Amino acid sequence: MHLTGKFCNTEGVDTPAVKGADGLLGEVERAEAALRAAADRAGAGSFEAVIEADQKIEPRDVMPEDYRKGLIRQIAQHAHSEIIGMQPEGNWITRAPSLRRKAILLAKVQDEAGHGLYLYAAAETLGVTREELTEALLSGRQKYSSIFNYPTLTWADMGAIGWLVDGAAIVNQVPLCRCSYGPYARAMIRICKEESFHQRQGYQSLYVLANGSPEQRRMAQDAVNRWWYPSLAMFGPPDSESTHSAQSMAWKIKRFSNDELRQRFVDMCVPQADILGLTLPDPDLKWNEQRGHYDFTPPDFDELMRVVKGDGPCNRQRMAHRRRAHDEGAWVREAAAAYAAKGKTA
Amino acid sequence: MTDPMSEGSSRVNQQARVPQRSGGTPLELADDALIAAQRLSEWVARAPTLEEDVALTNIALDQLGVARLLLQSLGDEDELAYRRGDAEFRNCLLVELPFGRARGDLDFGWTVVWLLFLAAAQKLRYEAWDNEVAAKAVKESAYHLDHATQWVIRLGDGTSLSRERVQAAVEELWPYTHELTEGIRDDWLSIVEPVLKEATLVKPSHDTWRPSGGRSGRHTEHLSYVLAEMQALHRAHPGVQW
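Taken in order, these protein sequences are the chains called A and B.
Residues in the first sequence are numbered consecutively from 21, following my numbering.
Residues in the second sequence are numbered consecutively from 13, following my numbering.
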């Protein structure tokens with residue numbers, strides 16, 4: 021298809037290396053190889069045996085109802101996040117300060133629509149329709165990532181989102197490339213490859229600001245101050261309070277706990293912030309020799325829960341925007357269906 | 013008043029200003045594509061389907077890509093895009109109009125009719141050129157034209173409501189196509205008329221009002237709003253890198 025060739029237009033940016041990110045991309049490639057190897061092995065039989073043998077469950081296989089439902093919930097939430105996530109960045113496309121940045125941002129937001137499409141398609145293999153999922157989003161029955169309920173107040177937010185939000189998303193999503201459900205694992209491999217470009221362009225954009233005029237530098241630091249804790253909250257509640265984690269781990273949907281992934285993200289960000297010359301807004305952030313990790317202040321989980329429940333700065337705005345786009349498009353979708361029913365091909 | 017784009021204007025490389033009526037000047041084509049990209053960007057996260065979100069963003073990217081290549085051939089792309097005032101822009105009036113009758117409107121039927129008219133003209137103008145930029149642009153315009161054609165037919169021959177909406181858009185936008193197609197009108201009509209026919213749409217019977225002025229820098233009220241939004245951040249930080 022013509023359009024898919026355009027994904028990843030964010031490539032070609034002249035970038036200081038995002039320290040630690042190459043390892044993650046290597047992990048995606050190893051997951052892809054493992055996926056092919058799993059496909060080559062003979063069928064293992066029962067659901068439990070397939071999971072045990074690290075093979076993939078495919079749409080026609082028998083699976084427990086809770087496995088199916090849990091995956092629909094998770095994949096749909098991920099798809100909804102891509103769709104709602106177009107708004108905070110879309111907010112700056114018409115005001116991007118150079119044509120090159122405008123092109124990169126347009127390409128990135130287009131990738132997000134594309135990711136939403138793959139993910140809805142992956143969810144559809146589990147026996148739901150896109151219409152049902154759209155309805156679940158618009159009615160508020162299904163959620164999307166709370167990070168998108170924060171506002172993008174300055175241009176530097178485009179850089180901070182790329183670096184921190186896409187960075188956190190990659191840390192979360194790379195293990196999903198090994199998820200036991202085949203269509204989800206395959207979608208995630210493709211998505212992670214594109215996300216790594218998103219992170220790189222954000223980091224590069226922030227680097228330019230951090231090394232620019234005093235005003236640009238202030239803008240960059242302010243953006244990092246606002247996005248740091250919401251990014252840490254993207255890994256979800258602490259392990260002790262996570263509702264879906266244990267079963268997801270047993271079924272090899274999830275491979276690492278929320279707290280493990282959060283720690284991995286912090287450990288990656290600290291040296292990256294040093295290269296940027298920006299400060300992470302945590303006075304207690306320090307290397308712990310004994311643990312071999314950085315100690316850090318956890319995000320405010322009460323705030324996370326308030327935002328999840330609908331009381332973040334932009335929940336109402338994001339949902340109103342999505343509902344309006346859906347409602348305003350109704351006559352177009354009806355006309356397309358009416359035309360298709362006439363049996364002609366436009 | 014002197015024409016700010018006349019000989020001696022410092023921002024535009026003189027060599028690239030060879031007038032080519034059927035091709036349009038590089039600056040005219042660049043500005044058409046740039047303002048079209050800016051307008052299309054308003055659709056991001058607002059399209060009627062997810063597939064259309066991808067498609068419209070893609071078309072905006074194509075338009076922006078051609079605009080950049082053309083502007084780079086004329087001078088510094090950002091200087092030209094961000095530092096010129098509205099009277100220095102050479103785009104046709106069609107591309108600066110809102111996607112509906114009033115500022116802030118975003119009508120999908122209006123947009124696909126607009127794209128049909130624009131892409132047909134851009135394809136013809138790029139075909140009249142003979143260079144690498146044009147070769148890339150012709151291919152992309154052919155895709156934009158195909159995409160718009162399919163939607164105009166679907167909506168024209170869809171429901172009575174959709175027909176009414178795209179017919180209204182044809183009537184509202186038709187006057188602006190005279191400026192758009194100066195020098196290529198017959199070829200343009202031979203592309204557009206069969207599409208309208210298949211879509212069961214009709215051209216307006218009254219066709220005497222033919223607004224123009226964009227090519228000499230006399231624009232509608234809409235352009236300065238488009239530029240205000242596009243240029244505000246860049247102009248607030250003169251001389252920095254992004």
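Please keep in mind that the hints were generated in silico from the structure rather than gathered at the bench.
Since the structure is predicted, the reported quantities are computational estimates derived from the model, not experimental observations.
The beta-carbon is built from N, C-alpha and C at its ideal position, and this holds for glycine as well.
One or more hints might be untrue.
With a Cα cut of at most 30 angstroms, we get these calculated DSSO-like pairs of lysine-lysine [said to hold, decoys possible]:
#1 K148/B <-> K362/A
#2 K151/B <-> K364/A
#3 K213/A <-> K163/A
Label pairs and their calculated CB-CB ranges [what the hints assert, rightly or not]:
#4 E152/A <-> S172/B: 45 to 55 angstroms
#5 K209/B <-> Q267/A: 23 to 33 angstroms
#6 R353/A <-> L201/B: 27 to 37 angstroms
#7 R343/A <-> A180/B: 21 to 31 angstroms
Verification of the supplied hints:
{"no.": "1", "hint": "K148/B <-> K362/A", "verdict": "violated (36 angstroms)"}
{"no.": "2", "hint": "K151/B <-> K364/A", "verdict": "holds (26 angstroms)"}
{"no.": "3", "hint": "K213/A <-> K163/A", "verdict": "holds (25 angstroms)"}
{"no.": "4", "hint": "E152/A <-> S172/B: 45 to 55 angstroms", "verdict": "violated (29 angstroms)"}
{"no.": "5", "hint": "K209/B <-> Q267/A: 23 to 33 angstroms", "verdict": "violated (60 angstroms)"}
{"no.": "6", "hint": "R353/A <-> L201/B: 27 to 37 angstroms", "verdict": "holds (31 angstroms)"}
{"no.": "7", "hint": "R343/A <-> A180/B: 21 to 31 angstroms", "verdict": "holds (25 angstroms)"}
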